[in-house]
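Take these sequences, add in the hints, and give me the full structure.
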Amino acid sequence: MHYHITHRTQYLYNEPVSLSHNILLLTPRTTRFQQLNRFETRIDPKPSLMEEMSDRFGNSKRYFEIHESHEVLNITARSEVTTCRRDLSILERSMPWEQVVRRLREDRDAKSILNRLFLLVSPLAEPGKAILDFVTPSFPPGRPVLEAVWDLTGRIHQGFRYAPGSTEISTPLHEVMKRREGVCQDFAHLQIAALRLMGLAACYVSGYLETRPPPGQPRLVGADASHAWIAVRIPDLGWIPFDPTNNVVAGESHIMVACGRDYSDVAPVSGIIIGGSHHTLEVSVDVLPVPENAFHGSGKT
Amino acid sequence: MIVSPHALTTSSLSPFLEGYQLSSGWDELFAADGSVRPAWQEIITFLEQMGSRQLESCRIESQRLLRESGVTHNLYGGTKTPKLPWELDLLPYVITGPEWSLLERGLQQRIVLLGMILTDLTGPEKLFRDGLLPPELFFAHPAWHPTWHNLRASGAFPLTFCAVDLARRSDGGFAVLADYCDMPSGAGYVLENRMILTRVIPGLFKQLNIRRLLPFFASLRSNLEALAVNNPQDPHIVMMAGGLMKEANFEQVFLSNYLGLTLAQGDDMTVRNGRLAIKTLDGLRPVDVILRRVADIDCDSLELRGDCCQGVTGLMHALRRGTLGMANAPGTGMLENLGLIPYLPELCRALLGEDLLLPSIATWWCGDPVQRHHVIAHFNDMVIKPLRPMASEPVTVVSEVSHAVREQLLERIKRNPALYVGQLPFQPGTAPVLSAGRIEPKSVVVRSFITANRKEREVLPGGLARFSVQHAHSKEQYDVSKGVWILSDEPAPPTPRARDLHPIEAPLLVGELPSRVAENLFWIGRYAERAEYAIRIMRTILLLWHEESSLPEDQSQQCLKILLVTFARITGGAPAFLGEDAESRLADPEETLLAAILNADQPGSITSMLAALVRSTQMVRERFSLDTWQVIQQIIKGLEGMQTSRDYRLSEIRREIDLFITLLMAFSGQIMESMTQGQGWRFLNSGRRLERAIYTIGLVEGTMIKQIQTQHENAVLEFLLIITDSLITFRRRYRSRLEARPVLDLILLDETNPRSLAFQIQALDEHAAHLPRSRRMPSYRSPEGRITLDALSALRLADPQLISVTAREEGTHRPNLEELLLHINGLLSVYSATLSSSFFQHTQPRKQLAAIF
Numbered sequence: 134m135h136y137h138i139t140h141r142t143q144y145l146y147n148e149p150v151s152l153s154h155n156i157l158l159l160t161p162r163t164t165r166f167q168q169l170n171r172f173e174t175r176i177d178p179k180p181s182l183m184e185e186m187s188d189r190f191g192n193s194k195r196y197f198e199i200h201e202s203h204e205v206l207n208i209t210a211r212s213e214v215t216t217c218r219r220d221l222s223i224l225e226r227s228m229p230w231e232q233v234v235r236r237l238r239e240d241r242d243a244k245s246i247l248n249r250l251f252l253l254v255s256p257l258a259e260p261g262k263a264i265l266d267f268v269t270p271s272f273p274p275g276r277p278v279l280e281a282v283w284d285l286t287g288r289i290h291q292g293f294r295y296a297p298g299s300t301e302i303s304t305p306l307h308e309v310m311k312r313r314e315g316v317c318q319d320f321a322h323l324q325i326a327a328l329r330l331m332g333l334a335a336c337y338v339s340g341y342l343e344t345r346p347p348p349g350q351p352r353l354v355g356a357d358a359s360h361a362w363i364a365v366r367i368p369d370l371g372w373i374p375f376d377p378t379n380n381v382v383a384g385e386s387h388i389m390v391a392c393g394r395d396y397s398d399v400a401p402v403s404g405i406i407i408g409g410s411h412h413t414l415e416v417s418v419d420v421l422p423v424p425e426n427a428f429h430g431s432g433k434t
Numbered sequence: 026m027i028v029s030p031h032a033l034t035t036s037s038l039s040p041f042l043e044g045y046q047l048s049s050g051w052d053e054l055f056a057a058d059g060s061v062r063p064a065w066q067e068i069i070t071f072l073e074q075m076g077s078r079q080l081e082s083c084r085i086e087s088q089r090l091l092r093e094s095g096v097t098h099n100l101y102g103g104t105k106t107p108k109l110p111w112e113l114d115l116l117p118y119v120i121t122g123p124e125w126s127l128l129e130r131g132l133q134q135r136i137v138l139l140g141m142i143l144t145d146l147t148g149p150e151k152l153f154r155d156g157l158l159p160p161e162l163f164f165a166h167p168a169w170h171p172t173w174h175n176l177r178a179s180g181a182f183p184l185t186f187c188a189v190d191l192a193r194r195s196d197g198g199f200a201v202l203a204d205y206c207d208m209p210s211g212a213g214y215v216l217e218n219r220m221i222l223t224r225v226i227p228g229l230f231k232q233l234n235i236r237r238l239l240p241f242f243a244s245l246r247s248n249l250e251a252l253a254v255n256n257p258q259d260p261h262i263v264m265m266a267g268g269l270m271k272e273a274n275f276e277q278v279f280l281s282n283y284l285g286l287t288l289a290q291g292d293d294m295t296v297r298n299g300r301l302a303i304k305t306l307d308g309l310r311p312v313d314v315i316l317r318r319v320a321d322i323d324c325d326s327l328e329l330r331g332d333c334c335q336g337v338t339g340l341m342h343a344l345r346r347g348t349l350g351m352a353n354a355p356g357t358g359m360l361e362n363l364g365l366i367p368y369l370p371e372l373c374r375a376l377l378g379e380d381l382l383l384p385s386i387a388t389w390w391c392g393d394p395v396q397r398h399h400v401i402a403h404f405n406d407m408v409i410k411p412l413r414p415m416a417s418e419p420v421t422v423v424s425e426v427s428h429a430v431r432e433q434l435l436e437r438i439k440r441n442p443a444l445y446v447g448q449l450p451f452q453p454g455t456a457p458v459l460s461a462g463r464i465e466p467k468s469v470v471v472r473s474f475i476t477a478n479r480k481e482r483e484v485l486p487g488g489l490a491r492f493s494v495q496h497a498h499s500k501e502q503y504d505v506s507k508g509v510w511i512l513s514d515e516p517a518p519p520t521p522r523a524r525d526l527h528p529i530e531a532p533l534l535v536g537e538l539p540s541r542v543a544e545n546l547f548w549i550g551r552y553a554e555r556a557e558y559a560i561r562i563m564r565t566i567l568l569l570w571h572e573e574s575s576l577p578e579d580q581s582q583q584c585l586k587i588l589l590v591t592f593a594r595i596t597g598g599a600p601a602f603l604g605e606d607a608e609s610r611l612a613d614p615e616e617t618l619l620a621a622i623l624n625a626d627q628p629g630s631i632t633s634m635l636a637a638l639v640r641s642t643q644m645v646r647e648r649f650s651l652d653t654w655q656v657i658q659q660i661i662k663g664l665e666g667m668q669t670s671r672d673y674r675l676s677e678i679r680r681e682i683d684l685f686i687t688l689l690m691a692f693s694g695q696i697m698e699s700m701t702q703g704q705g706w707r708f709l710n711s712g713r714r715l716e717r718a719i720y721t722i723g724l725v726e727g728t729m730i731k732q733i734q735t736q737h738e739n740a741v742l743e744f745l746l747i748i749t750d751s752l753i754t755f756r757r758r759y760r761s762r763l764e765a766r767p768v769l770d771l772i773l774l775d776e777t778n779p780r781s782l783a784f785q786i787q788a789l790d791e792h793a794a795h796l797p798r799s800r801r802m803p804s805y806r807s808p809e810g811r812i813t814l815d816a817l818s819a820l821r822l823a824d825p826q827l828i829s830v831t832a833r834e835e836g837t838h839r840p841n842l843e844e845l846l847l848h849i850n851g852l853l854s855v856y857s858a859t860l861s862s863s864f865f866q867h868t869q870p871r872k873q874l875a876a877i878f
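In order, the protein sequence lines correspond to chains A and B.
Heads up: the first sequence begins at 134 in our numbering, then just goes up one per residue.
Heads up: the second sequence begins at 26 in our numbering, then just goes up one per residue.
Since the hints were derived computationally from the structure, they do not count as laboratory data.
Please note that a few of the clues may not be correct.
Taking lysine to aspartate or glutamate and the EDC-like style, the derived pairs with C-alpha atoms no more than 16 Å apart in a straight line are [unchecked claim]: (1) Lys151/B <-> Glu148/A; (2) Lys872/B <-> Glu148/A; (3) Lys244/A <-> Glu436/B; (4) Lys872/B <-> Glu204/A; (5) Lys262/A <-> Glu436/B.
Here you go:
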């Protein structure tokens with residue numbers, strides 16, 4: 134699929150901000166399953182310095198500074214991305230989860246060794262007894278690992294209510310476990326913490342989701358904002374993405390921006406300001422599917 | 026075993042050595058057979074010649090010197106809790122030449138090895154991929170952060186300055202206890218200790234051939250310079266201070282002065298266009314190299330831990346762009362890692378092709394299944410420590426805790442094995458220490474310091490030895506330090522002085538004063554004057570209270586009341602005199618007055634003013650000479666004395682108060698005579714003038730406008746002249762009866778009287794003309810200058826006759842005077858606000874932008 138994505142962020146300050154340092158993580162990645170064709174950002178007021186860099190996880194970040202006094206900061210990121218379908222048959226033939234747990238630790242190839250980072254606890258995916266109790270039933274002995282992860286994805290989808298605004302970044306996971314509600318980021322953190330408790334390697338994926346439903350199918354949740362899901366690492370297969378919010382394997386309509394241990398590694402906009410007193414934040418995301426022929430047509434006669 | 030070594034039984038030291046009890050471990054002074062070790066023979070002979078009495082007086086002298094130079098762990102703590110002075114043991118920790126060369130080689134090897142490990146960890150991560158290090162050892166470490174990865178563009182050696190804690194094993198060999206790579210502290214104390222011991226026992230230094238410390242610091246300085254990418258000829262090097270409340274503040278000041286570095290906090294700096302700069306009164310001055318005293322993980326709230334305000338926003342990006350050198354490179358926090366110990370021997374062979382020269386104490390990292398099994402199998406014999414040795418996390422000696430605690434600990438280890446190590450209990454070897462009248466053995470840990478660049482490494486021939494002592498009154502332990510002396514076989518070269526260390530820098534140019542320092546100096550001026558003025562009023566109050574004036578009783582009572590109310594109004598330190606119960610309080614003022622003097626928690630009290638002065642001076646300590654600092658130390662001592670003896674009577678307090686006046690006068694004398702009259706001095710003086718003007722206005726208002734009583738006015742005028750220290754001048758000049766007109770003339774309008782209002786305004790006006798002005802229109806008066814000119818003109822145009830006139834109607838008794846003073850008071854507050862917004866505004870707080878999921 135082809136998508137045009139517009140991601141707008143606006144900070145409104147009630148007093149002038151004299152200096153602002155920021156980092157953006159809004160550039161979609163190019164992977165085996167998606168390609169970034171075009172990307173641009175517009176920032177108002179114009180930054181004094183803007184530089185690109187890539188982080189440890191291979192995400193592309195932008196650093197910028199604003200020196201002029203301002204009361205509004207507008208950040209608009211536009212991307213054009215092509216995604217492709219995944220082969221879902223892998224779900225049916227994976228090794229028992231215990232074997233995966235062993236191989237994640239014992240495989241000696243460079244990738245396996247460095248990916249052991251994703252086996253460990255991270256700041257926002259704090260494990261706990263409640264999560265352990267929740268995850269255990271999905272992992273009976275000998276169950277094929279992807280079947281177990283798929284089952285867990287479904288149980289999170291069923292067991293938790295999607296309630297926009299019910300949580301914040303600072304809401305800890307044990308609170309989400311108690312309330313049985315949250316947003317996509319909470320479900321992702323929950324699944325990551327759960328998978329790591331079982332000894333699996335899991336990462337957090339931020340991105341966008343096409344929200345216009347195909348004819349006859351229900352509209353998927355996650356419109357108007359960034360979306361988040363997870364990926365689990367299976368030796369020989371690589372990272373397999375699951376979306377617990379929508380109970381699907383993340384596929385053609387999921388556009389990946391960045392991955393990391395959890396949200397703290399991939400916040401789309403972060404900044405430190407001087408001045409400003411209080412501020413309000415508004416974010417909007419538009420994911421526009423572009424018909425195949427229209428896309429190709431633009432380059433041909 | 027009690028040693029009574031035959032060689033010493035008849036010596037003058039024998040009473041000191043009585044009961045020197047050896048443990049089974051290594052002792053520095055005595056060999057197992059009771060003979061004095063070779064390194065100590067000469068020292069013992071020297072001490073014998075000195076005799077025990079002189080030894081004791083040297084000990085007292087060294088404590089006095091330490092105290093006077095203000096060496097403390099924590100300079101901030103206020104004046105309420107007596108701080109622990111950094112105690113120094115007179116006896117050195119001695120290492121012979123041959124032993125030292127072994128140790129030196131081991132430490133040099135260690136810094137090279139650690140540097141190579143760090144370079145790999147923050148870049149290619151080959152050690153993980155090659156299976157030489159388990160990644161969890163670092164991925165799970167609290168100081169691991171994705172930002173470290175490929176952060177630095179330059180190929181500079183990442184460890185410029187490190188410290189290593191060592192101790193003797195029972196066989197006499199040294200073992201490493203811990204590495205301090207992130208922000209090693211203690212080197213400043215090493216210097217201070219050496220200076221003091223050289224002064225106290227110079228003879229011993231002459232007799233023994235002790236290695237000098239200075240060349241090491243010269244190398245450290247040049248290694249820092251070599252980190253500069255920009256401006257390599259004359260780099261601007263800044264020591265980034267770890268906050269003023271941190272215990273190592275003294276040391277940061279001392280070391281930065283010694284190395285010729287600018288000392289600055291994170292807030293003093295900013296990143297603009299990806300370049301680090303220090304904020305000065307004249308704008309931003311680029312910084313080329315940072316010597317970091319802030320933990321790497323706290324350095325930049327934009328990219329690292331967001332809840333810390335010690336760092337500089339954007340610092341990591343400045344580093345990434347290669348415009349900044351940093352010692353040590355970020356990521357060093359991960360090397361403070363006890364779990365690394367078991368892997369070092371093999372890493373050393375793999376990376377350097379050598380055997381590891383310095384062993385550590387036996388350690389097992391619980392993140393490795395085999396090592397974890399060992400720890401759990403021998404759990405009761407183990408000491409369990411956190412992966413990163415930090416004061417905030419407990420070390421558990423398993424055999425000493427209850428079964429329940431043991432089980433909990435096991436549970437925590439199983440849940441997060443990578444975060445723990447197990448070690449066998451280790452008792453460092455002992456060394457002789459001198460405590461009140463005795464020499465006894467104590468377990469001693471030695472901290473060594475190493476500096477390195479890409480090619481060379483150098484170990485400080487000395488160090489900081491420490492042992493623990495239990496506090497006399499509490500169960501708390503505190504550390505006492507010892508100098509470490511390395512004996513040399515070659516004669517020592519002549520001692521170079523500190524200034525030879527680096528070329529004398531061009532004198533600080535105008536405008537290079539950091540805004541924070543300017544603000545602090547301004548407030549030092551204000552607090553010093555405020556305290557002095559308040560004490561002057563209080564002194565006069567006490568004079569009246571003791572009925573030592575020649576006035577008739579009722580007149581004296583009236584004057585006292587007027588002064589009490591005036592004091593309460595100006596200082597805010599005695600609210601009871603203004604409250605509902607004021608009449609009875611004024612009739613029996615003792616309790617309120619005692620609180621207004623002694624209660625440091627009462628804003629406006631005299632002790633609170635003095636404490637504020639002390640705190641502000643401590644924040645810019647590097648700006649004051651040693652002599653000035655000694656005056657501050659005396660003030661601290663005086664404050665501590667007043668805090669400890671609680672039950673003062675008012676009659677006893679005058680002597681103390683007089684002492685403070687003397688000290689404050691000494692302080693201002695020092696400022697006038699010893700401080701270079703640059704911008705800093707101007708800010709300090711502006712503060713002083715401003716405060717004196719405000720107090721003078723308050724005093725005149727309180728006594729001559731608000732509570733005027735014609736029949737007592739003469740008496741009041743006399744006290745007014747006493748408080749403003751103008752009585753003698755008045756008598757000489759006017760030879761007249763006390764009348765309002767000449768008195769007001771002298772203390773308000775006379776520009777030659779250094780205590781008059783006009784004098785203060787005139788001085789403020791002159792300072793205003795010299796404030797930095799590059800950011801302004803050069804040919805006009807500065808905004809501050811316009812305000813002072815306004816005030817000065819009002820005073821010059823005032824008619825002494827008109828302002829002393831009293832009005833008939835009730836309420837305002839001297840309308841013209843009141844109007845004049847109100848006008849000037851208003852101008853002074855505008856002046857103060859203008860000055861802050863022009864020069865101090867940099868200190869605005871930073872905020873983190875909200876984020877949403």
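Lys244/A and Glu436/B: Cα distance at most 16 Å?
violated, 31 Å
Pairwise hint evaluation, Glu436/B against Lys262/A, where the allowed Cα distance is 16 Å at most:
holds, 13 Å
Run the distance test for Lys872/B versus Glu204/A: straight-line Cα separation, threshold 16 Å.
Measuring from Cα to Cα gives roughly 15 Å; hence the hint holds.
Hint check: Lys872/B vs Glu148/A, CA-CA at most 16 Å. Holds or violated?
holds, 13 Å
So if I understand the rule, the pair passes when the alpha-carbon distance is 16 Å or less; does Lys151/B with Glu148/A pass?
violated, 49 Å
Hint compliance for this structure: hints 1, 3 are broken, all remaining hints hold.
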